[in-house]
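Student: Make a model of the complete structure from these sequences and hints.
The opening residue of the sequence shown carries number 1 in the numbering used here; numbering runs sequentially from there.
None of these hints come from the bench; they were simulated from the model.
Glycine is no exception: its CB is placed at the ideal position from the N, C-alpha and C atoms.
Please note that a few of the clues may not be correct.
Stated by the list, open to error - Computed Cβ-Cβ distance ranges for the label pairs, DEER-style:
id: 1; residue 1: 44; residue 2: 82; range: 17 to 23 Å
id: 2; residue 1: 111; residue 2: 20; range: 38 to 44 Å
id: 3; residue 1: 77; residue 2: 110; range: 37 to 43 Å
id: 4; residue 1: 89; residue 2: 68; range: 41 to 47 Å
id: 5; residue 1: 69; residue 2: 37; range: 30 to 36 Å
id: 6; residue 1: 110; residue 2: 16; range: 42 to 48 Å
id: 7; residue 1: 74; residue 2: 41; range: 35 to 41 Å
id: 8; residue 1: 101; residue 2: 69; range: 43 to 49 Å
id: 9; residue 1: 83; residue 2: 110; range: 29 to 35 Å
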Amino acid sequence: MLFPLIDPMLESSSGLVPLQAYLLLAAMLFCIGVWGLINSRNAVRVLMSIELMLNAVNINLMAFSSYIDGDLIRGQVFAVFVITVAAAEAAVGLAILLSLYRNRVTVDMERFNLLRW
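Tutor: Laid out in structure tokens, this is it:
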């Protein structure tokens, strides 16, 4: 048995991968994203950490959709919406970072005090 602690009754509708495997993967990705968000001073790394956290949320959406709805695509549609919002967030974030880099010549988060009073 590949995952001895996983209950075989909680398998997805396809029956190949259990739900806990998806949840464990998503939790690990989310924790890595939170760690990168907290410990990074580089603004590009912070944006990448946020994207990693959003991808963990998408994995959860897909896993629960497959487990609860089976062949219905409600979770997949919502995940595509989240991916679209994440792409817009990344584009706006990178545009802001590019503008700040042109003004400050750094991507260090500690030196971005442009909005402080």
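Student: Against this structure, judge whether each hint is valid.
Tutor: Consistency of the hints with the structure:
1. Residue 44 and residue 82 have their C-beta atoms about 21 Å apart, which keeps the hinted 17 to 23 Å range intact.
2. A beta carbon spacing of about 43 Å between residue 111 and residue 20 agrees with the range 38 to 44 Å that was offered as a hint.
3. Range check, residue 77 to residue 110: about 40 Å between beta-carbon atoms, so the 37 to 43 Å window is met.
4. Look at residue 89 against residue 68: about 27 Å separates their beta carbons, and that is not inside 41 to 47 Å.
5. The hint said 30 to 36 Å for the Cβ distance between residue 69 and residue 37, and at roughly 31 Å that hint holds.
6. For residue 110 and residue 16, the Cβ-Cβ distance of about 47 Å falls inside the hinted range of 42 to 48 Å, so the restraint holds.
7. In this structure the supplied range 35 to 41 Å holds for residue 74 paired with residue 41, their Cβ-Cβ distance being about 39 Å.
8. Our hint of 43 to 49 Å for residue 101 and residue 69 holds, since their Cβ atoms are close to 44 Å apart.
9. For residue 83 paired with residue 110, a C-beta distance near 31 Å keeps the hint of 29 to 35 Å intact.
Hint 4 from the list above is the single one not met by this structure.
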